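K.L.:
Chains as they are written, first to last, in the numbering used here: chain Z, 1 to 307; chain R, 1001 to 1426.
What the hints contain is simulated information worked out from the structure, not anything from laboratory work.
All of these numbers come straight from a predicted model, not from anything done at the bench.
Backbone N, C-alpha and C fix where the C-beta goes; we use that ideal spot for every residue, glycine too.
Check each hint, because a few of them may be wrong.
[Said to hold, decoys possible] Facing chain R, a subset of chain Z residues (Cβ under 7 Å, in silico):
id: 1; residue: ILE23
id: 2; residue: PRO59
id: 3; residue: LEU175
id: 4; residue: ASN177
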Amino acid sequence: MSTLALQQHATLSHLDWLESESIHILREVAGQCANPALLFSGGKDSLVLLRLAEKAFRPGRFPFPLLNIDTGHNYSEVIDFRDFRACQLNERLIVRSVEESMRRGTVVLKSPGESRNRHQSVTLLEAIEEFGFDCCIGGARRDEEKARAKERIFSFRDEFGQWDPKNQRPELWDLFNARVHKGENIRAFPISNWTELDVWQYIEREDLQLPSIYFAHRREVIRRNGLLQPVTELTPARAGDVVEELTVRFRTVGDITCTAPVESDADTVARIIEETATTTITERGETRLDDQTSEAAMEQRKKEGYF
Amino acid sequence: MSAIEHLPGTDNGLLRFLTCGSVDDGKSTLIGRLLFDTKTILADTLHAITRTSERRGLEAVDLSLLTDGLHAEREQGITIDVAYRYFSTGRRKYIIADAPGHEQYTRNMVTAASTANLAIILIDARKGVLTQTRRHSYLAHLVGIPHIVVAINKMDLVGYDQATFERIRGEYLEFAATLGIGDVRFIPLSALNGDMLVERGENLGWYSGPTLLDMLENAPTAHSERDERFRFPVQYVCRPQKSGDPKLHDYRGFMGRVESGEIVVGDEVLILPSETRTRVKAIELHGRSLPRAIAEQSVTLLLEDEVDVSRGDMIVRAQESALVTRRIEAMLCWLGDAPLDPQRKYLIRQTTRETKAAIASIDYRLYINTLQKMPAERLGMNDIARVAFKLAQPLCVDAYADNRSTGAFIVIDESSNNTVGAGMIL
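Whole structure, please, built from the sequences with the hints as guidance.
P.N.:
Structure below.
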């Protein structure tokens, strides 16, 4: 039984271990794929990805461009931060927008104010085809959602971008298989094994800058279905709505129409970590209007090519 | 455990473990209980399973619903795949690989086991050691999981009887000895009531060992605890000469992860397979110079001499070379829908290296329920066999029993690009 005693060798802390695994995954993408891209939104998970890419490839340049699919419904703080960070890193940023797809007629909205989150898939697939990307690196985590818990780190998508949960490639050890035929591609998720708390702890340790809306600020909101709906040009107050000004922060940032802030006065990373460790609601349950629609919402979107 | 204790004080790393057993053994309840008692489950998730429990007319919240899977699975009433789940105690972070019990068991369990350092094998106290228990134990052993915890569950249904526990323990030890399983621990549990998982409970006073969570908190985490020889497969070569910075003009960084052992600046190294000799000039991570790098650390190595090194090569310490070979013998688990065809060529990926391979021989197929060896011409999905491969290019290998990183490989079918086999070098 002696082997179950505390080990003798030096080992990595949990954040160092996660960081090292993610660097390993990014370098496998670079080693195995001919033309990858990194999906970068300006959100916290993709900002963590960029730091990991620096650790993986500096002093060299990233062996991939950054790709952003802009819904046209993003908070300007996030878009500004996206541009600032890409420029600061001196890396190439490609932006493709859902609005271009709408002009082409490949995205047709049912109603003008509808969430464009789901339509990003179309624009993403168009960008993949335009540039011939064989791999897209994304910041999805398995703790976010049920459908993600079963997804591979190197997740195979057919030429329609579809994820088939019943037909995934076995993934053993750290031997990733990124081989694809022309037209098919891989979605690689280097922070699959991170939780929301890990992400915040890493942001603190690495002293990463974030868009301001992640921190507590005053904002006009309306209470709807237990969530806070921000009052914006896209989501104006309707007759009978009670508009309140509250101190809030965003736990996730995405399309304005489907991302809700939470009441919080956490204005530093340390205070956010404390709140994250003591929160009683999951990240998506509290803040994503699109996942509340049905329990299987994410699974359905992923089958359609969502990242 | 108060919430603030969730914040890491003393960070005791990360442990990956596997749970083996079927729903009938209470596996889902056990995982649900671990998540629940470590306060990992949040209110909205708990609310959702409480509603489902009520709808199904259950008296208590069914924690097994937490591991309920995808829509596609619920539709068919089966579990398709390995699911990964996360919890943290504040001292340590855990990744659970949860492999489904029935369908395609071998394939899923080998996948889940490949990254685990500890396996919890569940036994129903009313049923004792079953064929399934033997199969789980053999696979855990085959995939080289160094620590096995046999959880004798549903003790509440046998009146928390110590004699039952001791009888099952004896039975298991007898058969574990035939497999050569070394480190096994036993624990009586009631996952349903939470006895001996996180809390000791009131009912198992005769058991003086640690709780399940205590075992997990103290188990070694390092993958490479058996092999201390330095192994560094090169993933990527960094040559930023076009960056405009004259200091970087001659920069050649060899990027990879220390799979085992450690390396110190100044160490003499060999580049495999060429066996070129040089020394480590520097170890870097994101602009920082490190005096040494330890197992599982991703770093960049700079070498004294201008030697030819590319992706797929392996850097080892000069006095600790690995075997460079064009023939390997391995235990192979077949994962593909189409059977292994000995006439065909396949692709083998081992560390960061890839080579074409042909089957030299299938020595035997193992009938996993009885461990009988039988002759075989072909292999179907979930078959395990001893196979020899001839390789187009040499690989740099260690025996899997000594090193899980350099002894493991996958087999890829080039026509589909699918991963169709998992091998462990003998």
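K.L.:
For the hint on Z/PRO59, does the least C-beta distance to chain R fall short of 7 Å?
P.N.:
Hint on Z/PRO59: holds, closest Cβ of chain R at ~5 Å, below 7 Å.
K.L.:
Answer holds if the nearest beta-carbon of chain R is closer than 7 Å to that of Z/ILE23; otherwise answer violated.
P.N.:
4 Å, holds
K.L.:
For the hint on Z/ASN177, does the least C-beta distance to chain R fall short of 7 Å?
P.N.:
Holds, about 5 Å.
K.L.:
Would the stated hint for Z/LEU175 survive a check requiring a Cβ distance to chain R of less than 7 Å?
P.N.:
5 Å, holds
Violated hints for the displayed structure: none, as all numbered hints are satisfied.
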